Amino acid sequence: MKTNGVTRREALKVMGAFGAAALNPTQLCPADAFQDKTEQNKDPNFIIILFDTFSARHMSLYGYERKTTPNIERFAKSSTTFHRHYSASNFTQPSTASILTGVYPWSHRSLDFFESLLDEYESTNIFSCLRPEYQTIAYTHNLHALNILEQFRDDVELLKPIEDLVLLRTNKLEHRFKQDKVIGEYAAKRWLEDDFSPAHSLFINPLFSVASSIVAPSVVNHRYRYSYPVGVSELEGYYFKLEDAIDWILRATNSAQPPFLGYFHLLPPHDPYKPRRPFYNMFANDGYRLPLKPEHFFSECKTEEELQLLAQRYDEYIADVDSEFGRLVDNLDAQGILDNTYLILTSDHGQLFERGMHAHNVPVLYESLIHTPLVIRAPGQTQELHVQSPTSAVDLVPTILNRAGYEVDEFLEGKPLPSLGGKDDPARTIFSMHARRNTKLAPLTTVTLAAIQWPFKLIRSLGYDGLEDFDELFDLEKDPDELTNIVGQRPDVVSMLGEELRKSQTQAEAKSLGFLEME
Amino acid sequence: MKSHYRQFREIYYCASFLTFSISFLVFFWDLPSFLLRFSLAELVGILSYQLSFSLLESLIVAMVILLIVYLLPIREVKEHRSAAGVIFLVFFAIGALLFKARREILGWLSVSPLLSGPAAGQVFVLLLMVTTIGLPLISIYFLRNEKFTAQIRSFTEHLFTLSNSYTLLGIVGIIIILYRNLS
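Those sequence lines, one after another, are chains A and B.
Here the first sequence is numbered in our numbering, starting from 78 and rising by one per residue.
Here the second sequence is numbered in our numbering, starting from 403 and rising by one per residue.
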């Protein structure tokens with residue numbers, strides 16, 4: 078709509094510039110972003126589809142033996158596939174925070190469940206950087222991702238309540254505190270539900286536990302037993318169907334006011350693994366077995382047979398997810414939305430089925446855990462492209478800013494992705510970390526850190542009780558299964574990567590912990 | 403009416419003592435990890451929610467127990483309602499604590515050579531039923547002893563100060579969460 082020859086876009090740009098100029102000069106989102114948009118920019122939309130706990134190592138797109146992702150492979154034929162893409166951590170809270178802020182966990186400091194980001198990063202995220210020009214929409218099934226999104230509430234125009242797309246929610250107390258969401262929900266959860274320590278409630282907790290673990294699922298699963306032979310998807314008292322979320326995403330993106338950014342963080346294929354009937358047992362007795370790996374210090378003593386069966390169910394669940402993603406892409410295409418949209422498929426972290434562990438939130442950083450998918454279709458893209466350089470989850474924010482025509486600020490630890498505004502850098506070093514047991518506001522000393530400079534990967538474990546600090550070095554070209562620790566054979570690489578880790582961590586913590594001294 | 407209020411009060415004193423004590427115990431158990439993760443304001447917020455929920459739980463539990471003692475057609479219960487209510491409350495609390503420790507108990511039961519697989523779970527359920535239903539019904543017999551019922555009522559009266567303190571803390575908690583949610 079034009080007014081006196083000025084378009085709505087231009088009017089918003091000017092208003093945004095005035096608003097941006099009023100921002101605190103230490104505001105980390107570049108204040109001049111709104112005036113620096115390039116002429117070529119056509120205000121593309123961005124849709125981020127994130128499937129939780131989706132390991133690239135279990136995708137046929139990335140060479141996995143089981144045919145788990147035929148639809149994603151079809152999507153990749155006219156997209157850019159990033160073959161060496163890594164998450165910033167191995168569980169949802171810090172990983173999601175990194176995806177949405179463009180910095181590693183050692184900067185944003187949301188290191189554990191329910192931990193808030195530092196204030197500086199709460200107000201600087203992908204949503205705030207694109208506002209007010211972009212409409213911002215978000216939805217998630219995952220309570221920990223919601224915890225992060227709640228901290229960006231002021232910048233997300235439409236944050237769809239989690240319960241709107243669930244079949245049943247057992248803890249109805251959690252969402253009563255709209256103004257005090259983070260602490261109110263955490264307190265409600267701790268009162269009613271057992272976690273690593275008992276619930277705070279004495280009498281109501283047992284009744285709630287029985288109702289939520291026996292009565293509620295029986296009712297829901299009985300209703301959907303034909304489509305879901307092992308029950309519907311669920312996590313922490315929420316029961317849902319993935320197809321309901323996909324249907325809503327199609328409606329929301331169709332009715333969204335362009336340009337828009339949509340962030341959709343969907344729980345499958347996170348465990349418990351609940352594939353629909355056509356996918357259930359599709360890989361049973363196919364003869365495939367995951368490679369046997371030695372037990373680890375942090376082993377949960379899962380047997381090989383248990384791990385093989387769990388991996389089979391996980392793969393079936395991935396095939397189900399893949400089918401829904403295919404449906405999403407086909408419908409978005411038919412609606413014409415992809416003509417001016419970057420469609421991004423990724424994950425927050427992977428899953429382990431090895432070394433005695435079936436987990437992701439553990440102090441290890443093997444490939445199954447942090448090698449995550451990234452496939453991006455640019456508007457009108459028909460060419461199939463492949464990027465072999467290492468890339469990181471922290472690259473998404475700078476890439477989106479670059480594609481939307483904004484300047485990418487230096488404080489971001491990520492860079493625009495190759496073929497999407499960034500340079501190809503095969504010698505780049507990227508990082509990942511697990512620091513759940515570390516104090517939020519102290520330097521990382523109880524931590525597992527990984528530095529990847531292709532083909533080498535250094536994993537450094539520090540400060541754990543009962544375990545001496547140790548390093549693992551793998552050559553991912555020759556040893557993709559990470560079976561042989563070559564620390565002794567390549568001390569030069571250990572020293573080089575160790576020094577990069579130390580430098581980057583020190584720089585990041587000087588900034589992040591140094592901010593606190595300013596306050 | 404006065405006697406109904408007195409009966410409710412005595413049961414409430416016991417209910418609030420049990421719920422708040424456990425709530426504080428678990429809160430202080432969590433406190434070391436809370437201190438690493440939350441600011442002081444957030445800690446006060448969490449504690450306020452716990453106190454408010456505990457107050458609510460105490461009131462609900464006291465009303466439910468009162469309803470049970472009014473509905474049970476047993477002469478001893480009708481004659482000594484508040485003492486019967488306190489007995490039920492104590493055994494229900496023991497049952498709830500057994501439920502909280504179910505992982506440890508099931509683990510211990512499973513190690514026994516006599517029990518394996520589902521048998522351990524069945525024994526645990528039986529234990530819970532004995533604690534929450536069997537023992538309270540048996541103890542009703544002791545309500546015939548006037549000394550016993552007098553001791554119970556004396557015990558609940560001794561909880562007066564503590565219970566009122568807990569109630570006050572619960573009200574403060576409600577005020578804080580109202581402030582956090584309405585400001």
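Simulated from the structure, these hints should not be mistaken for laboratory data.
Any given hint could be a false lead.
[As the list claims (entries may be wrong)] Cut-off 20 Å, straight-line C-alpha distance, at most; resulting in silico cross-link-like pairs (EDC-like, lysine to aspartate or glutamate):
| # | chain 1 | residue 1 | chain 2 | residue 2 |
| --- | --- | --- | --- | --- |
| 1 | A | K500 | A | D486 |
| 2 | A | K258 | A | D241 |
| 3 | A | K517 | B | D432 |
| 4 | A | K266 | B | D432 |
| 5 | A | K580 | A | D569 |
| 6 | A | K517 | A | E554 |
| 7 | A | K258 | B | E444 |
| 8 | A | K517 | B | E481 |
| 9 | A | K255 | B | E481 |
| 10 | A | K266 | B | E548 |
| 11 | A | K370 | A | E554 |
| 12 | A | K255 | A | E234 |
| 13 | B | K549 | B | E444 |
| 14 | A | K580 | A | D548 |
| 15 | A | K580 | A | D546 |
| 16 | A | K266 | A | E234 |
| 17 | A | K154 | A | D548 |
| 18 | A | K500 | A | E484 |
[Said to hold, decoys possible] Cβ-Cβ distance ranges computed for the label pairs, FRET-style:
| # | chain 1 | residue 1 | chain 2 | residue 2 | range |
| --- | --- | --- | --- | --- | --- |
| 19 | A | Q256 | B | F430 | 45 to 55 Å |
| 20 | B | S567 | A | S274 | 22 to 32 Å |
| 21 | A | D407 | B | L508 | 40 to 50 Å |
| 22 | B | A443 | A | Q465 | 41 to 51 Å |
[As the list claims (entries may be wrong)] Looking from chain A toward chain B, a few residues come up when the C-beta cut is under 8 Å (computed):
| # | residue |
| --- | --- |
| 23 | I260 |
| 24 | A264 |
| 25 | W268 |
| 26 | P355 |
| 27 | Y357 |
| 28 | A361 |
| 29 | D410 |
| 30 | T516 |
Since we're looking at a predicted model, the values are computed, not measured.
Glycine included, C-beta positions come from ideal geometry on N, C-alpha and C.
Status of each hint after checking the structure:
no.	hint	result
1	A:K500 with A:D486	holds, 16 Å
2	A:K258 with A:D241	holds, 16 Å
3	A:K517 with B:D432	holds, 16 Å
4	A:K266 with B:D432	holds, 14 Å
5	A:K580 with A:D569	holds, 16 Å
6	A:K517 with A:E554	violated, 35 Å
7	A:K258 with B:E444	holds, 12 Å
8	A:K517 with B:E481	violated, 58 Å
9	A:K255 with B:E481	violated, 47 Å
10	A:K266 with B:E548	violated, 44 Å
11	A:K370 with A:E554	holds, 18 Å
12	A:K255 with A:E234	holds, 15 Å
13	B:K549 with B:E444	violated, 48 Å
14	A:K580 with A:D548	holds, 17 Å
15	A:K580 with A:D546	holds, 19 Å
16	A:K266 with A:E234	violated, 26 Å
17	A:K154 with A:D548	violated, 39 Å
18	A:K500 with A:E484	holds, 15 Å
19	A:Q256 with B:F430: 45 to 55 Å	violated, 28 Å
20	B:S567 with A:S274: 22 to 32 Å	holds, 25 Å
21	A:D407 with B:L508: 40 to 50 Å	holds, 48 Å
22	B:A443 with A:Q465: 41 to 51 Å	holds, 48 Å
23	I260	holds, 4 Å
24	A264	holds, 3 Å
25	W268	holds, 5 Å
26	P355	violated, 32 Å
27	Y357	violated, 25 Å
28	A361	violated, 24 Å
29	D410	violated, 44 Å
30	T516	holds, 5 Å
Going through the hint list in order, the structure does not satisfy hints 6, 8, 9, 10, 13, 16, 17, 19, 26, 27, 28 and 29.
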